[in-house]
Amino acid sequence: MDEFQEILQDFLVESFELVEKLDEDLVELESNPEDLELLNGIFRVAHTVKGASSFLNFDVLTHLTHHMEDVLNRARHGELTITPDVMDVILESVDLMKALLEKIRDTSSDDGIDVSACVARLDKITGGSGEVETPVAVAPVVEEETPATDTADEDEIDYDSMSPEEVEAEIERLLSERQEEDRKKREAKIAAGEAVPEMPKAEDEEESKEEPKEEAPKKAAPAPTPAPTVQKQTKKEEPKAAAPAKKAPAQVEQTIRVDVKRLDHLMNLIGELVLAKNRLIKINDDVEERYEGEEFLEELNQVVSIVSLVTTDLQIAVMKTRMLPIGKVFNKFPRMIRDLSRELNKKIELVISGEDTELDKSIVEEIGDPLVHIIRNSCDHGIESPEERVAKGKPETGTIALKAYNEGNQIVIQIDDDGKGLDPEMLKNKSLEKGIITEKEADSMSDKEAYTLIFRPGFSTAAQVTNVSGRGVGMDVVKTNIEKLNGMIDIDSEVGKGTSMKLKIPLTLAIIQALLVGVQEEYYAIPLASVLETVRISKDEIYTVEGKSVMRLRDEVLSLVHIGDIFEVERILDASEHAYVVVLGLGTSKLGLIVDTLVGQEEIVIKSLGDYLKGIEGIAGATIRGDGGVTLIVDVVALMDIAKNVKVSALSEDQNSAVSKEKTKPSDYVVMIVDDSKTDRLIMRKALEPMGITLVEAGDGQEALNILKAGDYNFDAMLIDIEMPRMDGYSLASEIKKYNRYKNLPLIAVTSRTSKSDRMRGVESGMVEYITKPYSADYLASVVQRNVNFKSEFL
Amino acid sequence: MSDKLKDIINKQNEQQESVVEQLDDVVQLVGFMIGDEEYAVPILSIQEIIKPFSWTRVPQVPGYVMGVFNLRGAVIPLIDLRAKFGLQTKKQGEDTRFIVMRHGDDVAGFVIDRLTMAIRIKKENIGPAPDTTNSDDTIIDGVGKQADKIITILKVNKLLERDF
Numbered sequence: 001m002d003e004f005q006e007i008l009q010d011f012l013v014e015s016f017e018l019v020e021k022l023d024e025d026l027v028e029l030e031s032n033p034e035d036l037e038l039l040n041g042i043f044r045v046a047h048t049v050k051g052a053s054s055f056l057n058f059d060v061l062t063h064l065t066h067h068m069e070d071v072l073n074r075a076r077h078g079e080l081t082i083t084p085d086v087m088d089v090i091l092e093s094v095d096l097m098k099a100l101l102e103k104i105r106d107t108s109s110d111d112g113i114d115v116s117a118c119v120a121r122l123d124k125i126t127g128g129s130g131e132v133e134t135p136v137a138v139a140p141v142v143e144e145e146t147p148a149t150d151t152a153d154e155d156e157i158d159y160d161s162m163s164p165e166e167v168e169a170e171i172e173r174l175l176s177e178r179q180e181e182d183r184k185k186r187e188a189k190i191a192a193g194e195a196v197p198e199m200p201k202a203e204d205e206e207e208s209k210e211e212p213k214e215e216a217p218k219k220a221a222p223a224p225t226p227a228p229t230v231q232k233q234t235k236k237e238e239p240k241a242a243a244p245a246k247k248a249p250a251q252v253e254q255t256i257r258v259d260v261k262r263l264d265h266l267m268n269l270i271g272e273l274v275l276a277k278n279r280l281i282k283i284n285d286d287v288e289e290r291y292e293g294e295e296f297l298e299e300l301n302q303v304v305s306i307v308s309l310v311t312t313d314l315q316i317a318v319m320k321t322r323m324l325p326i327g328k329v330f331n332k333f334p335r336m337i338r339d340l341s342r343e344l345n346k347k348i349e350l351v352i353s354g355e356d357t358e359l360d361k362s363i364v365e366e367i368g369d370p371l372v373h374i375i376r377n378s379c380d381h382g383i384e385s386p387e388e389r390v391a392k393g394k395p396e397t398g399t400i401a402l403k404a405y406n407e408g409n410q411i412v413i414q415i416d417d418d419g420k421g422l423d424p425e426m427l428k429n430k431s432l433e434k435g436i437i438t439e440k441e442a443d444s445m446s447d448k449e450a451y452t453l454i455f456r457p458g459f460s461t462a463a464q465v466t467n468v469s470g471r472g473v474g475m476d477v478v479k480t481n482i483e484k485l486n487g488m489i490d491i492d493s494e495v496g497k498g499t500s501m502k503l504k505i506p507l508t509l510a511i512i513q514a515l516l517v518g519v520q521e522e523y524y525a526i527p528l529a530s531v532l533e534t535v536r537i538s539k540d541e542i543y544t545v546e547g548k549s550v551m552r553l554r555d556e557v558l559s560l561v562h563i564g565d566i567f568e569v570e571r572i573l574d575a576s577e578h579a580y581v582v583v584l585g586l587g588t589s590k591l592g593l594i595v596d597t598l599v600g601q602e603e604i605v606i607k608s609l610g611d612y613l614k615g616i617e618g619i620a621g622a623t624i625r626g627d628g629g630v631t632l633i634v635d636v637v638a639l640m641d642i643a644k645n646v647k648v649s650a651l652s653e654d655q656n657s658a659v660s661k662e663k664t665k666p667s668d669y670v671v672m673i674v675d676d677s678k679t680d681r682l683i684m685r686k687a688l689e690p691m692g693i694t695l696v697e698a699g700d701g702q703e704a705l706n707i708l709k710a711g712d713y714n715f716d717a718m719l720i721d722i723e724m725p726r727m728d729g730y731s732l733a734s735e736i737k738k739y740n741r742y743k744n745l746p747l748i749a750v751t752s753r754t755s756k757s758d759r760m761r762g763v764e765s766g767m768v769e770y771i772t773k774p775y776s777a778d779y780l781a782s783v784v785q786r787n788v789n790f791k792s793e794f795l
Numbered sequence: 001m002s003d004k005l006k007d008i009i010n011k012q013n014e015q016q017e018s019v020v021e022q023l024d025d026v027v028q029l030v031g032f033m034i035g036d037e038e039y040a041v042p043i044l045s046i047q048e049i050i051k052p053f054s055w056t057r058v059p060q061v062p063g064y065v066m067g068v069f070n071l072r073g074a075v076i077p078l079i080d081l082r083a084k085f086g087l088q089t090k091k092q093g094e095d096t097r098f099i100v101m102r103h104g105d106d107v108a109g110f111v112i113d114r115l116t117m118a119i120r121i122k123k124e125n126i127g128p129a130p131d132t133t134n135s136d137d138t139i140i141d142g143v144g145k146q147a148d149k150i151i152t153i154l155k156v157n158k159l160l161e162r163d164f
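Going down the list, the protein sequences come from chains A and B.
Here my numbering is used: the first residue of the first sequence is 1, the next is one more, and so on.
Here my numbering is used: the first residue of the second sequence is 1, the next is one more, and so on.
Accuracy of the hints is not assured; some may be wrong.
Unchecked claim - Simulated pairs of lysine-lysine, BS3-like, Cα-Cα distance not exceeding 27 Å:
#1 Lys737/A - Lys91/B
#2 Lys347/A - Lys394/A
#3 Lys84/B - Lys709/A
#4 Lys678/A - Lys773/A
#5 Lys737/A - Lys773/A
#6 Lys403/A - Lys361/A
#7 Lys124/A - Lys98/A
#8 Lys709/A - Lys51/B
#9 Lys158/B - Lys614/A
#10 Lys145/B - Lys123/B
#11 Lys155/B - Lys614/A
#12 Lys282/A - Lys51/B
#13 Lys11/B - Lys122/B
#14 Lys448/A - Lys644/A
#15 Lys90/B - Lys709/A
#16 Lys709/A - Lys91/B
#17 Lys738/A - Lys91/B
#18 Lys84/B - Lys145/B
#19 Lys403/A - Lys497/A
#20 Lys614/A - Lys51/B
#21 Lys484/A - Lys332/A
#22 Lys430/A - Lys644/A
#23 Lys644/A - Lys502/A
Simulated from the structure, these hints should not be mistaken for lab results.
Keep in mind the model is a prediction, meaning the values are calculated, not measured.
Next up, chain B with everything else stripped away, as it sits in the complex (with noise of 0.2 Å):
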């Protein structure tokens, strides 16, 4: 019995350890798209993922902050990333979403095209923001590379900076 048991306990262990592993250097991320490119943020950041409903618009700001909305009693500010991008505004249709992240006390909803899916990415396949882009400034964070594709991981913090 008490073996039977020490081997569960160990397999449980080895569970974990394993699980620490993965945890270790893979990143879970969540892709949408904006325009044709595909874009994926840390899965932790994202508070939730809604559909678009009305907001309000607000003064005085650039054309991307789309206004404020209603976020169970929060008044959140609402960033078009099309818009943010340099892409023509596009209507919101069926696959239209609101993400809504976080970072730390900041918190924000953006507007996407369309969710593609979460992602598991070995820290190995993530590679550095291209040169080109001032190190800085950059609102991406690296480029993670699939398979068939690469996908721009975007740094939350800088998303939900003012930068105006």
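The shape of chain A in the complex, shown without the other chains (with noise of 0.2 Å):
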């Protein structure tokens, strides 16, 4: 039994697969009724069912897939020809074939669904050709003696006496006929243009069937299982109300055309809610924060991973009906491929694989151009002569083989040519020749960024101008193209090998995956499919060259550029030892910015800036994140050009703004005192006023670090105390010493906490002396002279 149910499997299986394929195979068929191809592979379909079922004793579907082999068999002998009528019928005993093919995989047998309507129609395509050949159901569908308001109970005794063959046309002849009723009815139903389910006849069929089944159940099934009536019915409508939704519509209304416009929107609100789902976890982990522990907590947290997850799939999905396998595009080469060839009498092959992969559809428009440019090129300067080849030991045809695939979230399309390959030194020495390059770039480029030479306006590497290419313009359209899609591009080649290019480029340009950094208090979202790593170095890495800050990566000089200096960020925060580099690709060249922090990945929307603010250089557009705050995004293409032109050394130490002059009488000290207690200031002032020294007071830690930004002192020195509202001591002392001017500034705590521990966190947040409240005059005179350097002339 086991070996029987393996093979059913496999007969399953396989059937399952023909079946499929059949569908699609019918519908072409239709469109294209003379194509034998077709037809034969149909007809092998219905043949192979046929025997595999035979062999397995499923005697109805043996029974339907035999007449559609039959009518099949003489529509390919060209003795009938496909009109919609024969079709119709023919897909619906597909149906009908997969229904038996479902039962069988449910119940592992084919017993309880009705064939013999279908049947019977098909035996009246043969039938009316003219021979009727099936052993099993003759259909006399010429004779007419029996009338046909002969009810089933009239003739029960009748049956008895008839041969099983004879009930059998007897019931197919009495359906037929009811079902011609029907369909006619439903005709006229549906040209006047109602929707009608064929739900009813199914019913009518049971009722008219019912009686006879019994009859000759020998016939139909070979384990005959007695199901209730009402059980039966509802199986099989099933395969019936199915029916009529496959039958005709499968043409047609498998795809719907949707106007782009529409996506768009819908694109658009999609975006809206991944702001909004990007908005709801921020407040989640907010909340989580302040509520740690609470109950309810749990609950939001399912909830917004709900939310998100819903989002992101929904986004997908969206994504996903605006996805054009890139097939599309690469169809138009292969012709290409050969008028090319002919026209450069080279013999070149093409081979494509990957093209269901799937690009959004903005994409697949802007892809083509690069791509006929690229495969141009390939053939044009790549492809050797047949003879150069032949002399070279390679195969007389050259191949290009023309590759997509999906690499994370970026789809890859390879092209590879087996030609001459590109030789740094011939491009380096043709570079020169036109100007696009100096002989210093030149002797320092390596192999790699000499291939990408090739993508430089003015450059054409073939001797002779053909019809084909080397107006110099094409491969610098690839590059722009490719860039302006946020993609980057690869090449690798060697000398007589071939040249393999890689385009990679972004899913969709509406929604990207994007790296937010930050740059003093302002943020920045670059595109992470142009971000290759990020390298946290210190500054000593940093070298400067010709005014140009570079760093080694490994093996390769990269040269670097801050942030700071292409979007004219104020520096006011103090630069830290340490700064993260984000190495960017573009194309093929590279770029190390560096940023003073890394905030992480985070999912953006584009949103453009507007009319008003549009074409900003470096700028991309904006992206509101999670606290409804704006975030610029990073246009990687502009940046690469702003960079050259960049010659401040990113980490140079800027002299320190506040530079003291020189003090020339005790006013030009200026020491500020905060203190939430005005006594306590009193008391600092009456102590310090003797000095003769500038005082300025401030109430908490808040309104002197307002203060100090306002700039308008030179402050020499600070009086803190520790516990006050708003701001206390230690967090003020951490804030100021974020500042570059206020780096050096001496912080002076005078507090009444005594603790080892308040010392101790007093020195961490950068204060210099801790004085203990009470204090004498004399005693915070003379620590805040010897912290302000106080000349001892003025004493």
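Each chain sits in its own coordinate frame; assemble them with the hints.
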């Protein structure tokens, strides 16, 4: 029995595959009725299923497929033309076949599905052609002796005396008549514009079928299971009900044409949703922090994660509706290659793979031109003439392989040729000749950089300008177009072996993954597709060459630029010892972008800055973050251009702007007193006034910070109380230390807190002295004098 | 009964006519202060007036473009009218407002010192912009005369036009 099961499984798998294919083929057949190849294929499917099912004793299925085979066989021999009517019946039988297969899969038996109606119709088709060869069911359609009004009850006794074949035939005759009637009614209704489900027919059939079915069970099923009528009925209805939906519309309604605008609108809405989701996540984090351990948190967490999950799925789903297989673009290349190879007298074969890879519609539209240029280029400059190839010991026919595949969030389109490859030296010489690069640049150029020369405007390697290429614009266009899509180009080549070009393109344009970086108090989003890696470096790893910052990254030299220099960020905060370098890759060029902090990866929705602000160099748009703030998105293409002209050394210590001027009198010294108690401030004032220095007072940390920010004074020292409202002394001290200007400002804690841990905290936050209350006026004065380097002549 | 109805309808018609009449020769403006001057823009060109909130600086733009801000999901430029009119920038205070103006598809927020009021002004009381200003380039639409003062009426489309 196990063996039988195994065979059955194989049979089912095979049959389902065949039937799947059958559907497509049939649809194709209708538009192409003369296609013998197709017809043969369909015939073989019916034949195969028939063979296997008879072997497995599925008589009903065999019965059905046999008749299908019959009809198809006639069609294939040209004895029958496939009219839409015939096709309807065939499609119906295919549906029945599917239903039977499903039934077999579920119950291991093909009992309980009525195929006779369909078989009758199939038979009618073959019968109509004159010959009826079917041994099982003879369909005497012409015969009209028995009046159609005959009920099954009346004929009951007669059936007993009939041979099984005769019973079958009689049933079929009755049915086909009945069906004919129903069909006419239905058609009339359809013509009247009504949607008519085919269900009633199934019931009608059931009624008329009920009795005779019991009479001829040996015929219908090998293992008769007299199931109750009701159950049968429902079972029967299923495939029948499905049939009308699939029959004719199978050709039309599996796809719906949708206006791209609607999809765009949908995409926009999803964008809003993604923003709201980000916001929700952010709020959830905040709430989590504030109400740690509360029970409702878990529930909130669940909701948030479901919302975020569904949003992501939704986004992907909508993105997919916009996806087109790249095959749409690839399709035109075989012809192009054929034409080109004739024109150039070369033998070229194009191998395409991965044409099912899907890309956003807008990208598919943009990608065509660059690919045409690259492939033309490969044909013209890459692949050698047949003689040359033979001389080099290569096969006469050159191969260009066009391949598309997914890689993470990107699509990679790879174009390989086995032509002569790129010669870096030749490229350099050529560029020198044309004045594209200087001698110096040529010397310092790596092979990989040399390959990218072909993307420079005005470069053409063809010795002779041909019709195909050599106008020196093509590859330049490629680069711009790919960069427009936020894509990258990677070239690899070996002289004599061939060239391989990889275009890496993000899946979609509207919603992207971005790396958020911080510089001073600002944030920027960098499209993740252009980020190769991030590196943490210390300042002494940065070298300056010709006024430009560079660093060594493994075995490469990477030029660096500070994001603050590009976006004119005011440098208020002190740059720490360490910085992060975001290595950007675009096409073939690389650049290290120095940032202060890395915030993380986030999904962002690109929004335009509008007409008023469009075209700002280096900014591709903006996005709204989880906290409702706007973050600008870096335009990596433009950034690379700007970076060439930025000479400022990135992390150069700018001279402390608060260079203390020469003090000529005691009042040149400025000290801030920060204390929330007016009395305490007064005490300090009294202690310090005798020195003659200028005193500024602040009531709390926040106020002190604002005074510092305003920059009206150049402070020499600050006296800070620890316990204050709004912002305490420790926080104030650490805030102050963030600012470049005040890095070296002496901060003196004046407090009644005396414990060791308080002192430790003071030191940690950057305090240099720790005076405990109460103190003597002289002591305070001396500490201040020491810290501001009070000149002794003023004493 | 029907007489009453007629009366009412007649009255309504009269009212409507008078409203139409009003609309015809009365301009509704919103006045605001920038520095010591009072300016006004047509009320219909104002999308909304909001209290200041945080914005994001945008690089490589003139000083009067403060940046962009998030107005319910839309990214909108923010322009400081003080700076644009060549006045010293001032800290934003209690009375500072962002006026979001719209002309066609162009939208921008403008920072003003203080709102004054909604003004109805008869068309006949609006004079042309002073001759000294170049008629095409000026952002001044006209000068509204009121009992005790004059108000400069600005062209919203000019305000929203990028000029850098």
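Q. Any hints this thing doesn't respect? Which numbers, in order?
A. Every hint satisfied by this model.
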